[in-house]
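Novice: These protein sequences, in sequence, are chains A and B.
Each residue of the first sequence is one higher than the last, beginning at 1 in our numbering.
Each residue of the second sequence is one higher than the last, beginning at 1 in our numbering.
Read the hints as simulated data drawn from the structure, not as lab findings.
Note that the structure is predicted; figures quoted are calculated from it, not measured.
Some clues are possibly wrong.
Partial chain A-side listing against chain B, Cβ under 8 Å, derived [said to hold, decoys possible]:
#	residue
1	Tyr33
2	Met35
3	Phe69
4	Ser91
5	Gly94
6	Gln126
7	Val130
8	Cys151
9	Cys158
10	Ile165
11	His170
12	Tyr236
13	Leu238
For each residue, glycine too, the CB sits at the ideal point set by N, CA and C.
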Amino acid sequence: MNISRRHMLVLLPAAAVAWESVLAGTPENSPNYNMSEHWWGMLIQIPKCIGCGNCVRACATENDVPDGFFRTWVERYHVTDYNLTEPEVISPNGGKDGFPIVQEDAGKYFYVPKMCNACADSPCTQVCPVGATFVSPDGAVLVDQSYCLGCAYCVQACPYGCRYIHPQKHVADKCTLCYHRITKGLTTACVENCPTGARQLVNLKDPKDPIHAFLKTHTVQVLKPQMATNSKAFYYGLDGSVR
Amino acid sequence: MTGVEGYMYPNEMELQWSILIVLYPFITGLVAGAFILASLERVFLVEAVKPIYRLALLTALAFLIDAPLPLQLHLGHPERSPEMYLTPHPTSAMAMFGYVYLWYLMVVLVFEIWLDYRKDIVIFAQTTKGLKGLIYKFLTMGSYNISPRALAIDNKIGWIITLIGIPSAFFLHGYVGFIFGSIKANPWWSSPLMPVVFIFSAMVSGIAAVMLIYMATCKLRKVAIDVRCVDTIAMYMFYIFIIDFALEMLDLIHRIYESDESFRSLNFMVHTQLYIPHIVIQICLGTVTPLVILFILQVSGKKFAEKVRLRLCTISGALAMIGIFAMRWNVVIGGQLFSKSFLGFTTYKVALVTKEGLIVAVALALLPFLFLWILIKFLPPWEESHHTPAAGD
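Excised from the complex, chain B in its bound form (with noise of 0.2 Å):
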């Protein structure tokens, strides 16, 4: 039975919304921040993340084929979700869901992904035997071309692609921002700033994700890091980081200055239910601490050793994915707790065993992991340049 306390609506008792809802915008985030992250180097030529290029690709698609499934399996009739492709309301935010995950699946990351390893795949089809040889066979989709004239043409589609993948992540996330802040019904929620605070926060958790990752293949194979990568990717997460603080702040100001009918309600909720994941775990431990330790990298960085360097930048990377998380957190379940006649709160625990409790929760966080290393191992991302890091940066 859930705890409440002052007056909710008889309905509000128990959240609709549950830990799995708080995943999908955050795996979504990945996505589309890992992305960005990877068109750093294909359109802005930042030369310095070439050795996460592949690898970033590979992430996003690896937590794009996981992001719909907390979805699938929050709703109540999932067997009925293909209507939101066949018959879609054209008045629900939701409803663009499908629409914008296909184009962003097939269109933008497979594509990308794809013409990125033609030369690999052929190459792959023409060695491997077995069933593996079959696989890269059929991924060719036929096209054994890799002389020069056709590789420079799938660069410069891939090129276009990228171009158009930035935009499209940008729309992937501010749209799952949008479907939480055009609720006019839930002040935590209603905020045109919604979409853009999920955007950079997204591009923050996406990038910290493939620096995380990127390190921990390095150990994996036991290959030395690229500390200048790893320094760069360090530099962008913290100014991107800077301008989604920026954002956030903006709208916490806006909101305790204006102070409406519903601020009395929503600043409660912040100073008890709210106040380990939003101020202690959201603003202190995952933004504060981590934009400090990256302005010291940024400011005297080149002072510390680069172990020292990498150390740093992991625990920032690690406090920013946390901090995002809780952001997430705060969203969609702080956005419930309270009720909409502002006069009472209600509570959240977790199950552990249910259909959208802990285990499978942790299950969904943990599948994309599974998928990227059954990517990896078709389409290896390392290239001899990990090797040879760039030395005395």
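Next comes chain A alone, as it looks inside the complex (with noise of 0.2 Å):
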């Protein structure tokens, strides 16, 4: 193959948007991906969050999210030896811009990053009078926005704040785990901007996702337990006084 360097002028720009154009996926570019194979989860590691505030920014920008509202967000937890069940939480936008500097040196910091807990029996689902929004058959959490009422009722059901009312749309507005890449064989765009691996998709249905050695060695916990959501957001190290 006879390649000048007028030609590899132009074909090194074609290649580079053509690999864009593969990494943004497209449904016909990714024929093989069968729902029934996977069921998505997520595992959070709370010692590894710096909160930096990437997967915030990269969520936002990955999914349109609009100012003031989250689909996934970190929160500062402060926590003193003589006040363990009365944390003091932060999340300054959302922990979007990061964190302002720790003044204090009492008790203990970490951060939690929050998102759809991708609830097997999930609350939100349950009360949609329409059902426009659902749980998929690999396990995220949806929501058709062309046949949604907009009345929040989804909103109020969710325990962990996840979901809001989109202000242009005036549809619920949520995670979907960056349904649009993990079915083109990407990850979340939160999980690819962290820094230091502290969010993990799994795929709880392959039993080669390392997900299970880890939860064979490892002691995981899912926030507010007592709801029986059958949450699929498994978080490591995660302190009693997170809410």
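Since each chain sits alone in its own frame, please combine them into the complex, following the hints.
Specialist: Shown next, in the form of structure tokens:
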């Protein structure tokens, strides 16, 4: 193959555009995705989170999340020895711009990334009057925004505060586990942009997924287990003070 | 910008359900209560409340026509609301609203009112000319048979419809309570008592509303108020109010004694943001005060002059209405003021001229009175007995 320098100058940007397209993915380019082979969840390792806010920014950019609302956010907990059950929690702008420097040395500080818990028995889908929100066969909780009435009943029903009414679309909006990406073999925007690997997308149906080894050797917890939502957001190192 | 105290999840800053959603249970409550009052005469044969039977039915219908409007206005996409009828989601408590509403509107209220007014409609259709006459002709549904036998059948079917209507009224409003009571994520709402409290508070507000409307219409028509009727209504209101108050206190005491994880947060809210609407307006002004007045009326009512009794009934009825509205407010708005993290609180300020603002809410609250006026114009509920009230009672 004879490629001149002129051809090369044309081909390189074209290849870059093509690669971007591959990364972005299109349904016709991923015909082999089979919903029944997946059961999506998320592993979040609290000791690894540094509160940089990369995940929040990546999510907002990837999913066009409106200002003031969050599909994912990060909280900083401050727990002192004498007040274990009443932590001081902040999440300025959802942690999107990072956090202020810690002033006080007493007690412990840690960051807790929050997102849709991808509940298998999700209270939000239970209450939707028209079934516009649903648990997909591969375990993601999704909203059909062309069908949603915008009644906000699901927002009230989510115990974790993960849903909001989109201020322009006037329908329910939430984390989709970046469904448009994971069904093309990519990972979520928040996972991809986490510099410490604190978040990890897991496929509970895949026996080769490292989650199985992790779950065998580590203690994990879900948020608000008393809600019995069958949450699939597994937290490692979760402090009892986290709400 | 909303004022936030402590920590709220970032999507919780603004309330999702506004004053319009406060109006929704309040108005449906008035419907249920007014219908129950009407049924006293029809099914339980309480003759004393006969003067308000038809007025109570028309009041229920006027408020029922208004009931879905706050919901429609609140929806982000009201044009999609027919989907609730076409593709209801069976696991959703809200999905059944359309069916419950239609059942109550068409099968219970409209049918019962039509049966009750059929004789009048036929007479009006034969004696009235012009557009009004045409409307009456349409309302006859082609049936001009008002023979004693036909009317007896009407009466029998009407009685059966009222009998069906009573559990339907309980269902209509109990169901509204269930919409809130079944949300496990919200400890302020999540209670099996919620539907029961809603039903009894609905009866109190509906009975109070019909009583006040009856007295106001008598004043406007310059006819004497049937004091025996008002006394009887006040008696029923008192007994139902006691049950309502007992249930609410049971819920409150249970929460205080149990003191679960949400208690600190809710307790703080009740003592700060909800102090005026909950403690002062709902409990002290809107429940205890009218209960004391009604109690005095029951114990020594006959000692007071009729005018004083009517005054006291008016005051207790108005206070009860304020109290029940405050109760709806405290449930709907109060349930959204605290974070589900139980670590913070937000505030709610009613906007004035937005889609869900105060002007719209006031207009929606007044609209049933316009509906009632139109209904009364077409279907006058007054009877001869109004002109000759039972004297000496």
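Novice: Would you settle whether the hint for Phe69(A) is holds or violated, based on the nearest Cβ-Cβ distance to chain B being less than 8 Å?
Specialist: Holds: closest Cβ of chain B sits about 6 Å from Phe69(A), inside 8 Å.
Novice: Taking the least C-beta to C-beta distance, is Cys158(A) closer than 8 Å to chain B?
Specialist: holds (6 Å)
Novice: Against chain B, with CB atoms and a cut of 8 Å, does the hint on Leu238(A) hold up?
Specialist: violated (14 Å)
Novice: Tell me if the interface restraint on Ser91(A) is satisfied: Cβ within less than 8 Å of some Cβ in chain B.
Specialist: Result: holds, 6 Å to nearest chain B Cβ.
Novice: Given a cut of 8 Å on the nearest C-beta pair, is the interface hint for Cys151(A) held or broken against chain B?
Specialist: holds (6 Å)
Novice: Can Val130(A) be said to touch chain B, with a Cβ gap under 8 Å?
Specialist: holds (5 Å)
Novice: Hint check: is the beta carbon of Tyr236(A) less than 8 Å from a beta carbon of chain B?
Specialist: This interface hint is violated because 21 Å lies over the 8 Å limit.
Novice: Once the shortest beta carbon distance from His170(A) to chain B is found, is it less than 8 Å?
Specialist: holds (3 Å)
Novice: Does Gly94(A) pass the interface hint, meaning its C-beta sits closer than 8 Å to a C-beta of chain B?
Specialist: holds (5 Å)
Novice: Once the shortest beta carbon distance from Ile165(A) to chain B is found, is it less than 8 Å?
Specialist: Result: holds, 6 Å to nearest chain B Cβ.
Novice: Taking the least C-beta to C-beta distance, is Tyr33(A) closer than 8 Å to chain B?
Specialist: violated (27 Å)
Novice: For the restraint on Gln126(A), tell me whether the closest CB of chain B is nearer than 8 Å.
Specialist: Cβ of Gln126(A) sits 5 Å from chain B, so the hint holds.
Of the numbered hints stated above, those contradicted by the structure are hints 1, 2, 12, 13, listed in ascending order.
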